[in-house]
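Novice: Please arrange chain B on chain A, whose structure you already have, making use of the hints.
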Amino acid sequence: MNAPATAIDLRALLQETRVQDVLDQLERELVGLAPVKARIREIAAFLVVSRARKQLGLEAGTPNLHMCFTGNPGTGKTTVAMKMADILHRLGYSRKGHLVSITRDDLVGQYIGHTAPKTKEILKKAMGGVLFIDEAYYLYRPENERDYGQEAIEILLQVMENQRDDLVVILAGYKDRMDVFFQSNPGFGSRIAHHIDFPDYSEAELFDIAKLMAQQMHYQLPGDAEQALADYIARRTKQPRFANARSMRNALDRARLRQANRLFNRALREGGSTGADLLQTLAAADIRASSVFRNASTPDAPVPGEDIDEPYSSPLFNERSLFRKANNGH
Amino acid sequence: MKITQGTFSFLPELTDDEIRAQIEYCLRKGWACSLEYTDDPHPRNTYWEMWGLPMFGLKDAAGVMQEVTACREAHPQTYIKFNAFDSMRGVESLALSFIIQRPPEEAGFRVVRAESNDRVLRYTLERK
Numbered sequence: 000m001n002a003p004a005t006a007i008d009l010r011a012l013l014q015e016t017r018v019q020d021v022l023d024q025l026e027r028e029l030v031g032l033a034p035v036k037a038r039i040r041e042i043a044a045f046l047v048v049s050r051a052r053k054q055l056g057l058e059a060g061t062p063n064l065h066m067c068f069t070g071n072p073g074t075g076k077t078t079v080a081m082k083m084a085d086i087l088h089r090l091g092y093s094r095k096g097h098l099v100s101i102t103r104d105d106l107v108g109q110y111i112g113h114t115a116p117k118t119k120e121i122l123k124k125a126m127g128g129v130l131f132i133d134e135a136y137y138l139y140r141p142e143n144e145r146d147y148g149q150e151a152i153e154i155l156l157q158v159m160e161n162q163r164d165d166l167v168v169i170l171a172g173y174k175d176r177m178d179v180f181f182q183s184n185p186g187f188g189s190r191i192a193h194h195i196d197f198p199d200y201s202e203a204e205l206f207d208i209a210k211l212m213a214q215q216m217h218y219q220l221p222g223d224a225e226q227a228l229a230d231y232i233a234r235r236t237k238q239p240r241f242a243n244a245r246s247m248r249n250a251l252d253r254a255r256l257r258q259a260n261r262l263f264n265r266a267l268r269e270g271g272s273t274g275a276d277l278l279q280t281l282a283a284a285d286i287r288a289s290s291v292f293r294n295a296s297t298p299d300a301p302v303p304g305e306d307i308d309e310p311y312s313s314p315l316f317n318e319r320s321l322f323r324k325a326n327n328g329h
Numbered sequence: 000m001k002i003t004q005g006t007f008s009f010l011p012e013l014t015d016d017e018i019r020a021q022i023e024y025c026l027r028k029g030w031a032c033s034l035e036y037t038d039d040p041h042p043r044n045t046y047w048e049m050w051g052l053p054m055f056g057l058k059d060a061a062g063v064m065q066e067v068t069a070c071r072e073a074h075p076q077t078y079i080k081f082n083a084f085d086s087m088r089g090v091e092s093l094a095l096s097f098i099i100q101r102p103p104e105e106a107g108f109r110v111v112r113a114e115s116n117d118r119v120l121r122y123t124l125e126r127k
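Chains as they are written, first to last, in numbering that gives the first Met the number 0: chain A, 0 to 329; chain B, 0 to 127.
Extracted from the complex, chain A is given alone in its bound form (with noise of 0.2 Å):
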């Protein structure tokens, strides 16, 4: 046996660990979160010379690493929590490194007896990864004492104190109904060691997030698309409903369904071959063409769901002519 080494190379463990790559990979997927990226680096940090320290014989038992990720919806939380799964994977925290992402309906049953079996069943699939609990604090109904999450909280409580190596445990949600939770469970808040408030994105972030979005779905934006999209995200932001890059994807995506409606249109007025640069390109009016705009004289007026556009008229099920020209062919 070698002598125990009395000193440790730390950027040799980082780069042997590879955890700098899913930092930057974080860094340049995610835009904006800065408090959120500072966080995950001051853990990973941890994790690192946890693991030097204890190449070193310096044990100090294994950290603890359950966390609690609040913020608004689309704000990043799931992403970050598969990152965090593969970060602690790398570090050797985690030996599977998967994510099992849940809800309450998943951990508590329908009648007594129900809960401890499907927790634990859901408990044993997260084992040597990371389970993730969206909206946690639903697990927790105070209106009914005979509820059956409060069955859930108590097994979840005792494995992630009991089975640290086996399992980290993420909860994310609302940061005001988190808070009740807490307040609700102390044992839950004294659990978890690392709380991360994701912000809201400035109109700015969205609009870079909005671009890397069209850009991962192989779109381009000409001049006046972005400055259409830059408009439509200043108005957004104030509507009710409001979901951060989630709302993003979602215009882009019906911004998409109406470019394609358009080079339909267009290509059964004017027949011809439809260019790879038409197929790629996101116009300014496929943007101004959403509703957002349209309610834009009465911005308090609620808007009934999520930016739904009018029924538009799709060419493949309204040109009747279509289909006779069709018939008559074959």
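A portion of the hints provided could be inaccurate.
Once the Cα atoms are required to be at most 16 Å apart in a straight line, the calculated EDC-like pairs of lysine to aspartate or glutamate come out as [unchecked claim]:
#: 1; chain 1: B; residue 1: Lys127; chain 2: B; residue 2: Asp38
#: 2; chain 1: A; residue 1: Lys119; chain 2: B; residue 2: Glu66
#: 3; chain 1: A; residue 1: Lys82; chain 2: A; residue 2: Glu153
#: 4; chain 1: A; residue 1: Lys117; chain 2: B; residue 2: Glu66
#: 5; chain 1: A; residue 1: Lys117; chain 2: A; residue 2: Asp105
#: 6; chain 1: B; residue 1: Lys58; chain 2: A; residue 2: Asp164
#: 7; chain 1: A; residue 1: Lys119; chain 2: A; residue 2: Glu153
#: 8; chain 1: A; residue 1: Lys174; chain 2: A; residue 2: Glu153
#: 9; chain 1: B; residue 1: Lys58; chain 2: A; residue 2: Glu120
#: 10; chain 1: A; residue 1: Lys117; chain 2: A; residue 2: Glu153
#: 11; chain 1: A; residue 1: Lys82; chain 2: A; residue 2: Asp23
#: 12; chain 1: A; residue 1: Lys36; chain 2: A; residue 2: Asp196
#: 13; chain 1: A; residue 1: Lys82; chain 2: A; residue 2: Glu41
#: 14; chain 1: A; residue 1: Lys210; chain 2: A; residue 2: Glu225
#: 15; chain 1: A; residue 1: Lys95; chain 2: B; residue 2: Glu23
It is worth saying that the hints were derived from the structure and are not from the lab. All values derive from a computational prediction rather than experimental measurement.
Specialist: Same frame as chain A, now just chain B:
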């Protein structure tokens, strides 16, 4: 008398780490793990009691080991075996099965005679 049933039964008892390694192998193969226990290890007794349902969709052996511990605590005096089921179409059968607990005293069997028709003697096994 040491009962020899299933895989590894001629080897010394597996340690928990060895059991865990076997389970890891099964999970890597995508097999569903389950536990069964009985106080009647007769070779013709194919129906052991199930300890909970088979565990599908697990990624790590920790979940199975948790059940192993729970089953041992609940039934310290019985035989417990671990089964891994391969659900692949065309296979759909037990892929691995081995005993992970024996009672402290294994009773074993003895041969019994039974008179049959026309003075024919039939032999069978009976628990001691």
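Novice: Compare the structure with each hint and give your call.
Specialist: Evaluation of the provided hints:
Among the hinted pairs, Lys127/B with Asp38/B is consistent with the structure: their alpha-carbon atoms are about 13 Å apart, no more than 16 Å. A hinted pair counts as satisfied when its Cα atoms are at most 16 Å apart, and Lys119/A with Glu66/B qualifies at roughly 10 Å. Between Lys82/A and Glu153/A the alpha-carbon distance is near 28 Å, which puts this suggested pair outside the 16 Å criterion. Under the criterion of a C-alpha separation no larger than 16 Å, the hint pairing Lys117/A with Glu66/B is consistent with the structure, at around 14 Å.
For the suggested pair Lys117/A and Asp105/A, the alpha carbons sit about 7 Å apart, so the restraint of at most 16 Å is met. A distance of roughly 15 Å separates the Cα atoms of Lys58/B and Asp164/A; the hinted pair therefore holds under the 16 Å criterion. As the CA atoms of Lys119/A and Glu153/A are separated by approximately 11 Å, the hinted pair is consistent with the 16 Å bound. Distance hint between Lys174/A and Glu153/A is unfulfilled; the C-alpha atoms sit about 22 Å from each other, more than 16 Å.
The straight-line distance between the Cα atoms of Lys58/B and Glu120/A is roughly 12 Å, inside the 16 Å bound, and the hint therefore holds. For the proposed pair Lys117/A and Glu153/A, the alpha carbon gap of about 13 Å is at most 16 Å, so the pair holds. At most 16 Å may separate the alpha-carbon atoms for a hinted pair to count; Lys82/A and Asp23/A meet this at roughly 11 Å. As the CA atoms of Lys36/A and Asp196/A are separated by approximately 11 Å, the hinted pair is consistent with the 16 Å bound.
Between Lys82/A and Glu41/A, the direct Cα distance comes to roughly 14 Å. Compliance with the 16 Å bound is thereby established for this hinted pair. Straight-line distance between C-alpha atoms of Lys210/A and Glu225/A comes to about 8 Å, which keeps the hinted pair within the 16 Å bound. Distance check on the hinted pair: Lys95/A and Glu23/B sit about 11 Å apart at the alpha-carbon level, within 16 Å; holds.
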